[in-house]
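**Student:** Residue-level listing of the chains:
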Amino acid sequence: MFQNRTEGLALVLPAAVFIAVLFLFPVGILLSEGFKVGGEWSLAGYADFVSKPLNRTVFFRTLKLGFLVAFVSAIIGYATAFCIVNLEPAQRGRVFGLIILPLMISPVARTYAWIVILGRTGIVNKAIVGMGLSDSPIRFLFTETAVFIGLLQLFMPLMIVSLISAMENLPKDAIPAARVLGASWLQVFTKVILPLTREGLVLGGTLVFTGALTAYITPAILGGSKVLMLETLLYQRVNVSNDYVSAGIIATILIVMCFGANVVLRRVAKA
Amino acid sequence: MKYLLPVCAGLMLASTSTFAKDKLTISVYSFAQDAYKEALYDPFEEICDCDLVIETGNSVERMAKIEANAAKPVIDMAVISSHDALALARKGLLQTLDTSKLSSFNDLYEAAKNPLGDNTAVGYTFYASSIVYRSDLVDIKSWADLLKPEVAGRVSLPNITGTQGPLTLHMLNQALGHKGIDFTKTIDAVAENADNIVTFYSRSSELAQLMQQEEVIAAPLGRFAWSRFSGSDLPFKWAEPAEGQTGGMNVMLMTKGNGNEELAYKFMDYWLSTEVQTRIAMAKIDSPANMKVEVPADVADSLTYGAELINSLNMISPADIIDNRDAWVEQWNNKVIK
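These protein sequences, in sequence, are chains F and E.
In terms of the working numbering, the first sequence is residues 1 to 271.
In terms of the working numbering, the second sequence is residues 272 to 609.
Hints were generated in silico from the structure; no laboratory data involved.
Heads up, some of the hints might be wrong.
Said to hold, decoys possible - Counterexamples of contact, computed for chain E against chain F with all Cβ distances above 10 Å:
1) 301
2) 321
3) 335
4) 361
5) 363
6) 377
7) 424
8) 465
9) 477
10) 485
11) 486
12) 513
13) 527
14) 569
15) 588
16) 609
Unchecked claim - Straight-line Cα separation of at most 25 Å, DSS-like style, residue types lysine-lysine; simulated pairs:
17) E/609 x F/226
18) F/226 x E/372
19) E/537 x E/508
20) E/606 x F/226
21) F/36 x E/362
22) E/292 x F/52
23) F/36 x E/336
24) E/606 x F/52
25) E/527 x E/294
26) E/508 x E/372
27) E/308 x E/362
Quick reminder that beta carbons are idealized off the backbone N, C-alpha and C, glycines included.
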């Protein structure tokens, strides 16, 4: 397309300089804080961070909720995507629009809605008490369950969209052929759909997992300080303790987890 | 034509020098800034014929800025909690105040005159802290009632990292029969009841919402946020516990070597004056530290007002907070948050 490489590089240069100066350089400075103790390069900050039970608890909680949100999103996402790709084109457009719509609404508004829905006087508790499943309202707010529900609602559309895109590329005869040959629906899913849509799953899984790991608003509102996650802990370290060493460490851990998730998902998909 | 450019440049320079105003940079809490503008900033700018540059943010951000620019201060004057002010004073970042330049100094409550003990700050507002509760659902007569079975699962406590957190521990400590500022046993008691506490809130607005939707029926609160509850349709009541009310004070200070001392003194003097303190109190922004301020009963109800109440507040000294806060947070994180 270009006469020589120089032209291509020249076009990329402004964006590359912009990213390097205004993003990579500041992020590098922030992350380097975690490797300094008293101005000297050291890993003591990491050792200290890992030695604290609260930090370990928060790390594993973040990992667990990120995994659960991605896993449940994938299960619901496959079912939803399968239904949508089999709709008539006009209906598919409308339903696809409904899936996309929540992504256009502020996460703050969506998360605040859960405070009302999951509260003692909210619709969920009214239904539970009304159906006689419990004598008194159940406390959902400020629990891991609330954070899980909030994150799932926030990021599941990304998984569904990724899987719809992957399923649209599925050969139309593949599933009927498998069924004619006697495959059960479980076998159709594991032997046909899953292998042929794994790129979509990797993409959706990465988006949902990294989104759940790094979301701040939802854990802050629905979990508060009782259900700290790495991102709310990071905020606390910077804005309450002015502790940039811990903040740098947490940011590094989050970045490594995000890249790690993508690598692991790609390997699982290849396997 | 050839003289046009120099003449214009000369006129611009002249006009700039003629109309250049003195500038005072202040660092304040970000709440109620519109009300402060009307009651304090705009009237002062008219009087001094100067420009106020207002910097807002949370305490940590504002303190970090003062510290980072210690060699060449970018903030002339700041208002902050008394214990945060002490942390700055201990780092040598504050200027000793010449209180003779504050004409209203003698009108201040005694506790506000030299709260840090080294004349680096003067108090400009007090706040009481007690417990707000739903009087139709529960009766609160002691700080220890926050941990009683009747409110289990319906109570919220302030987070230890905020201003109200240590105050609550201080009063719980006394209610549970412990002396001094060793909160270990009280933090243990809170940890035992952690599952019965809905959340550890960070902002009074967050608590107001939880109490409005009946998620929480009792929680410690600063009086400055009482107006969020007093106007509600729900029967909220301000507790008067047997151990008394706690509270705190916010102070004004001047950064060391800011070079703008005269204007800073004028502004501080204006803010502490009976006229301005009354105006701020009438707007229910801040409670007065000036004894001469008089407000009607309905306004006083929203404030921490009057010598009897202020002198009765069971406060923790700023030094105790600064010396022990890290240990409290550490214990809290290990035992309560887990």
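**Student:** Against this structure, judge whether each hint is valid.
**Tutor:** Hints, verified against the model:
1. 301: The claim stands: residue 301 of chain E keeps its Cβ more than 10 Å from every Cβ of chain F (closest is about 13 Å).
2. 321: Non-interface label stands for residue 321 of chain E: nearest chain F Cβ at 32 Å, farther than 10 Å.
3. 335: violated, 6 Å
4. 361: holds, 15 Å
5. 363: Since the minimum Cβ distance to chain F is about 18 Å, residue 363 of chain E lies beyond 10 Å and the statement holds.
6. 377: Fine: 37 Å to the nearest Cβ keeps residue 377 of chain E off the interface.
7. 424: It is violated; residue 424 of chain E is separated from chain F by about 6 Å at its closest Cβ, not greater than 10 Å.
8. 465: violated, 8 Å
9. 477: Per Cβ check, residue 477 of chain E is inside 10 Å of chain F; nearest 8 Å; violated.
10. 485: Given a closest Cβ separation of 6 Å, the condition is violated.
11. 486: violated, 5 Å
12. 513: Per Cβ check, residue 513 of chain E is outside 10 Å of chain F; nearest 29 Å; holds.
13. 527: Answer for residue 527 of chain E: holds, closest chain F Cβ roughly 20 Å.
14. 569: Holds: least Cβ distance 31 Å, greater than 10 Å.
15. 588: holds, 21 Å
16. 609: Nearest chain F Cβ is 6 Å from residue 609 of chain E, so the label is violated.
17. E/609 x F/226: Distance of about 9 Å is within 25 Å: holds.
18. F/226 x E/372: Violated. Residue 226 of chain F to residue 372 of chain E sits at ~48 Å, over the 25 Å cutoff.
19. E/537 x E/508: Not OK: residue 537 of chain E and residue 508 of chain E at ~40 Å, beyond 25 Å, violated.
20. E/606 x F/226: The hint holds at about 12 Å.
21. F/36 x E/362: holds, 22 Å
22. E/292 x F/52: violated, 53 Å
23. F/36 x E/336: Judged against 25 Å, a Cα distance of about 21 Å means the pair holds.
24. E/606 x F/52: holds, 12 Å
25. E/527 x E/294: Since the Cα atoms of residue 527 of chain E and residue 294 of chain E sit roughly 17 Å apart, the hinted pair holds (cutoff 25 Å).
26. E/508 x E/372: Judged against 25 Å, a Cα distance of about 42 Å means the pair is violated.
27. E/308 x E/362: Not satisfied, since the Cα-Cα distance of roughly 31 Å exceeds 25 Å.
When the structure is compared with the earlier hints, violations turn up for hints 3, 7, 8, 9, 10, 11, 16, 18, 19, 22, 26, 27 and for no others.
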